[in-house]
Amino acid sequence: DAKTTQPTSMDCAEGRAANLPCNHSTISGNEYVYWYRQIHSQGPQYIIHGLKNNETNEMASLIITEDRKSSTLILPHATLRDTAVYYCIVSPGSGGYNKLIFGAGTRLAVHP
Amino acid sequence: DGGITQSPKYLFRKEGQNVTLSCEQNLNHDAMYWYRQDPGQGLRLIYYSQIVNDFQKGDIAEGYSVSREKKESFPLTVTSAQKNPTAFYLCASSIKDPNSPLHFGNGTRLTVT
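Residue numbers (this note's numbering), protein chains in the order written: chain X, 53 to 164; chain L, 12 to 124.
Honestly, the hints are just simulated from the structure, not real lab data. If you're wondering where the values come from, they're calculated on a predicted model, not measured in any experiment. The beta carbon of each residue, even a glycine, is placed where N, CA and C say it ideally should be. Keep in mind that the hints are not guaranteed to be accurate.
[To be verified] Derived lysine-lysine pairs resembling BS3-like cross-links, with alpha carbons at most 25 Å apart: (1) L:LYS81 / L:LYS107; (2) L:LYS68 / X:LYS104; (3) X:LYS55 / L:LYS68; (4) X:LYS151 / L:LYS82; (5) L:LYS68 / L:LYS81; (6) L:LYS82 / L:LYS20; (7) L:LYS68 / L:LYS94; (8) L:LYS107 / X:LYS151; (9) X:LYS151 / L:LYS68; (10) X:LYS151 / X:LYS55; (11) L:LYS107 / L:LYS82; (12) L:LYS81 / X:LYS151.
[To be verified] Residues from chain X shown here face chain L by an in silico Cβ test under 8 Å; the list is partial: (13) THR60; (14) CYS64; (15) TYR98; (16) TYR139.
Based on the sequences and whatever the hints tell you, model everything.
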């Protein structure tokens with residue numbers, strides 16, 4: 053499975069866009085990019101995922117570069133409740149399950 | 012509301028005792044997973060199951076056991092053979108699609124002294 057590299061921590065002002073980068077230079081053609089977040093002492097929450105096209109949902113946007121070696125998660129208007137650890141994961145899935153490997157993620161702090 | 016329920020939220024045990032963590036889902040998902048998280052770390056996969064009465068070892072299965080007798084239930088037993096059992100344990104489920112997202116419970120924090 054491809055590995056990902058994320059900054060250890062980031063800050064963002066409330067109301068501004070938070071742009072969280074992720075490098076996955078060894079990603080292969082069938083691997084999806086997933087983003088999850090984890091608020092302290094809770095289970096991870098699914099945010100978004102994509103293969104090659106940019107994706108948007110009610111929570112965030114996912115921008116994947118054309119060569120697929122990096123991606124950016126965008127939270128368009130960050131709030132204090134977006135303070136969490138954000139995980140970028142690439143995984144091909146296999147058979148009937150999706151075996152995701154979580155790294156240490158990016159700790160995002162949203163401040164007033 | 013559909014979801015995954017893990018109980019209890021906090022669990023304390025003495026060293027040398029086996030302990031079973033509960034995970035129940037009403038999402039009608041086929042696949043279920045157990046992860047372990049240590050402070051400041053990512054999640055590591057312990058066991059996963061695609062279907063009733065079938066399960067596979069993940070990356071750190073030693074010292075753990077599971078069963079999958081019902082679709083909605085996937086209990087994890089932390090045995091006395093697990094050398095460092097104190098951790099945050101997370102259960103997840105997904106539909107039977109290799110590219111479907113995982114839905115997580117809110118975890119059980121196990122402390123063994």
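Structure-based check of each hint:
no.	hint	result
1	L:LYS81 / L:LYS107	16 Å, holds
2	L:LYS68 / X:LYS104	31 Å, violated
3	X:LYS55 / L:LYS68	21 Å, holds
4	X:LYS151 / L:LYS82	18 Å, holds
5	L:LYS68 / L:LYS81	18 Å, holds
6	L:LYS82 / L:LYS20	22 Å, holds
7	L:LYS68 / L:LYS94	17 Å, holds
8	L:LYS107 / X:LYS151	12 Å, holds
9	X:LYS151 / L:LYS68	11 Å, holds
10	X:LYS151 / X:LYS55	13 Å, holds
11	L:LYS107 / L:LYS82	12 Å, holds
12	L:LYS81 / X:LYS151	21 Å, holds
13	THR60	10 Å, violated
14	CYS64	21 Å, violated
15	TYR98	4 Å, holds
16	TYR139	7 Å, holds
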